[in-house]
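Since the structure of chain R is provided, determine the placement of chains V and G on it from the hints.
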Amino acid sequence: MDIWNQFVQLLFSGLTVGSIYALVALGFVITYSITGILNLSQGDFAMLGALICISFVNSGFPFIIAILLSIVLVMIIGGLFERSAIHPARYSSTATLIIITIGAAFVFRGIAIFVWGTQPYALRPFTGNDSLQIFGAVIQTQNIWAIGISLVSLAVLYFFFNKTYMGKAVTACVVNPFAARLMGIRPRKMSFGAIVISAGLGALAGIIIAPISGASYDMGVMIGLKAFIAAVIGGLTNAPAAIAGAFIIGILEAFTEGYFSSGYKDAISFGLLLLVLFFMPNGIFAKASGKRV
Amino acid sequence: MKENVLLQVHQLSKSFGGVHAIQGVSFHVHAREIVAVIGPNGAGKTTLFNVITGILRPTSGSIVFKGVSVVGKKPFQLAQLGMTRTFQNLQVFENMTVIENVMVGLHTRLKTGIFSAGFRLPRVSKEEKQALEQAFACLRQVGIEHLAFEKADILPYGMQRLVELARAAASNPSLILLDEPMAGLNPQESNKLVEVLLEMRSNGMTFLFVEHDMETVMSIADRIIVLDYGKKIAEGSPEEIAQHPDVIKAYLGEEEVI
Amino acid sequence: MGLDVKKIYNGSTKGSLLVAVVLLVLPLVFSTNNYLLSTMIMIGFYTIVSTGLTLLMGYAGQISLGQAAFYGIGAYTSAYFTTHFGLSPWLAMIAGAVLAAMVAFVIGIPAFRLREHYLALATLGFGVIVFTFFKEWKEITGGLNGFFGIPPIRLFGITIQTDFQFYYLVWVFALAGILFARNIVRSRVGRALLSIHGSEVAANSLGVNITKYKLQMFMISAVYASIAGSLYAHYVTFINPQLFEMITSIYFLIMVVIGGNGSIWGGLIGATVYVCLGELLKEIVPLFIPNASGEFEIVFFGILLVMMLIYMPNGLSHSISKIVKRLLPDWRRKNESMLVSENENAGSVGGERL
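In the order they appear, the protein sequences are chains R, V and G. Numbering follows the working numbering, in which position 173 of the first sequence is assigned residue number 175; successive positions increment by one, without gaps. Numbering follows the working numbering, in which position 245 of the second sequence is assigned residue number 272; successive positions increment by one, without gaps. Numbering follows the working numbering, in which position 101 of the third sequence is assigned residue number 130; successive positions increment by one, without gaps.
Only chain R is shown next, with the shape it has when bound in the complex:
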């Protein structure tokens, strides 16, 4: 049953990494929908979340506190980023704003090198090193945590956006900022909120993947880019599609690495990006026009 074991193993591996991409991809979608900006530093929020959490844990903070504090801290960093780099440039062209986020990504990475150096760090798994046997394959509990927490967060956010007033207010800003303003909702605050929430999502993603793949200053690059591809699959505005895309990418990568060679892992995902861009620029599952108003 080795083939089957390997298959399940790779599947879970893919789902795990896919769930990380899903959280970060959701951050992309939220940011893009509300502000129209492609935040190419999104992945680095994951990196910051992971490394900050590791530092807290190593300083003796209780595990749960460390996690929560890290997420909050990264959200604060996100807010600062929005105020200092995005807000002053808000009337610039989209191209300019994209490049600004690239610059910001560098800054985050540089700060990470400065504080933590270039070596990789480890975070202990949430509930120890046990593993489960699922369909004959050995799955680490951390993987289950990753997938589980991710799905729960996604469900919470879905509830927020679709069922609560605040969530609908945010959606209103996306659809018609002018009308939203007439109703007393403030789109400018939404930009701030969007990035802060995305930062939080990114941080959470980084924290739950750290016990599995470690944490280092450059882990955000590929996470961000892959999540980004997932967001594009969803046409950049369709959250459920982006999440589905994220899991697809995660699984695709895992299988490429497992069955072919790890060298092509990245190329496959980016190849998918080009395919989607060229043949279905509004995303595979795009709603309506997918155009941010």
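Each hint should be verified, as a subset may be incorrect.
[As the list claims (entries may be wrong)] Covered by chain R, per the in silico footprint, the following chain G stretches (three or more residues, Cβ under 8 angstroms):
| # | segment |
| --- | --- |
| 1 | 133 to 143 |
| 2 | 161 to 170 |
| 3 | 206 to 214 |
| 4 | 220 to 232 |
| 5 | 277 to 291 |
[Stated by the list, open to error] Far from chain G, by Cβ distances over 12 angstroms, these chain V residues were calculated:
| # | residue |
| --- | --- |
| 6 | Gly88 |
| 7 | Gly99 |
| 8 | Pro183 |
| 9 | Tyr184 |
| 10 | Leu212 |
| 11 | Arg250 |
| 12 | Gln270 |
| 13 | Asp273 |
Everything labelled a hint here was simulated from the structure, so no lab data went into it. Cβ atoms here follow ideal geometry from the backbone N, Cα and C, with glycine treated the same way.
For chains V and G alone, coordinates are given in the frame of chain R:
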């Protein structure tokens, strides 16, 4: 004026989802005519314009320009065929001078491509010089040649409209569409523009325009087409239109037509 | 009234000639300073790439995050064709340029139908894919071990091997590239590009095929990068994939942002500033932070990028021309570049949108 038909629009319709912006509109424009399209707000004039000029694709119907069907053609292709336009909300190139604006109008008549430009072949220099002179002549035709080397964005509104007109006319098109050319002009500027339009027409130009300013429409249009709720409700000379019961009804509560 | 075409062209021929002369005389003065010569050679390569990218970003208003891929295509094509087929370096360079243009065409055609920022994504993806191929196609590229033994270039019977000789080779190309760009800008093509910036809908209505021009500029930028890559390969005689990673594309982007999007000299200015700042950092940083690694560059340039885009979005070339304008009162009246009017740059990279 029984000259050849330049533009023929037949059963043209455009819908946006359930909204029928224009329905079954048909008319034609002869060479050297000045045809106006009027109608109350929301009648579909802008949509009609945008469909004819290739910005929107019609839901159904045909548009034939100089005997060629042009449905689905993009605006730049229409320019090559000899149809240009001006814009209601002024789309002057503010990052260029007045004369450069008009030189862009000559784009379809010039030939330089990337390689001839990059290697600065002799014909490029010659072409540039000719283009400059031609553009200057266009500016002279509308009377603003003294502003040729000013940056376009510093000009007063009325002058910018003239720049747009000169630019649209530079390539010597067969038909120029004007989108509310009188909008925002003071009486003096309006008169100047009318003067220019009439002179251009006597030199062979054809105009189709959308306008709200009834005085202008009545004074220069050869024929008027009236739209209401997306449909053509009347067509005729200014006198006929002024007395047309459907037109008066459509405008009831708005401007007086007579 | 004597209509002089020069009245509508900005930029001064005298100024340009001066820069060219300085560049060509430099090595005669500093012929023994190999450090300076080799630095200037690197600036030369980067100038070529950046000038091409400036045409794309500044004049066509598009972002490419994959120029390093074209740089690499030129380098590897030259490397491969000269070693495995014994082809003349000049022919190999042309082959590389043609390949780069074709790839740009293939990527560009679909990409330009999409929304503006999608080219950025497409080039990002394409850059990673090309990098992966450089890494994995070991038979052709040597993979991560790199490609050794690239032969030198021969010109008029002389083998170009010293820094002194290579300096002239690179800078003749660089200046030729700038001249070519200048000619494009001062023609119907340049006006068409500007008009796209001014108002896409109006440009369209006047016959400007917007997609065609964006695509052409993308292909030109690819050719520029490829030629630079070919020259680079013959200079260093050893190349490996890491030279053509995404970060290199980002650095090219930074050069263009620094140099500014409104002038054909933007590429040269940006490349010069980038290299000089890089060298400066290498000297200064260890004084303050003893065990800082080379990655400090990344932070610095990241911050610089953001600062420039917020406070000096039109780059240095714009500021420099303003200063020159004040110093030389007989500078042509409209020398601030056509693209730029303070912050009223519609839709170009770096400028504010109206």
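Going down the list of hints, with the structure as the test:
Proximity of the segment 133 to 143 of chain G to chain R, defined as three or more residues with a beta carbon under 8 angstroms from a beta carbon of that chain, is established by the 5 residues found. Taking a C-beta to C-beta cut-off of 8 angstroms, the segment 161 to 170 of chain G contributes 4 residues in contact with chain R, enough for the three needed, and the coverage statement holds. Restraint check on the segment 206 to 214 of chain G versus chain R: 0 residues with Cβ-Cβ distances below 8 angstroms, three needed, restraint violated. Coverage of the segment 220 to 232 of chain G by chain R is violated in this model, with 0 residues showing a Cβ closer than 8 angstroms to a Cβ of that chain against a need of three.
Remark: the segment 277 to 291 of chain G is confirmed as covered by chain R, as 3 of its residues place a Cβ nearer than 8 angstroms to a Cβ of that chain, reaching the required three. For Gly88/V, the condition that its CB be more than 12 angstroms from all CB atoms of chain G holds, with the nearest at approximately 21 angstroms. Remark: the non-interface label on Gly99/V is consistent with the geometry, its nearest Cβ contact in chain G lying 15 angstroms away (cut-off 12 angstroms). Even its closest Cβ contact with chain G, about 18 angstroms, leaves Pro183/V beyond 12 angstroms, as expected for a residue assigned away from the interface.
Every CB of chain G lies more than 12 angstroms from the CB of Tyr184/V, the least distance being 16 angstroms, so the non-interface label holds. No beta-carbon of chain G comes within 12 angstroms of the beta-carbon of Leu212/V; the shortest separation is about 19 angstroms. No beta-carbon of chain G is positioned within 12 angstroms of the beta-carbon of Arg250/V; the least distance is around 24 angstroms. No Cβ of chain G approaches the Cβ of Gln270/V within 12 angstroms, the least distance being about 36 angstroms, so the stated non-interface status holds.
No Cβ of chain G approaches the Cβ of Asp273/V within 12 angstroms, the least distance being about 33 angstroms, so the stated non-interface status holds.
The earlier numbered hints that this structure contradicts are 3, 4.
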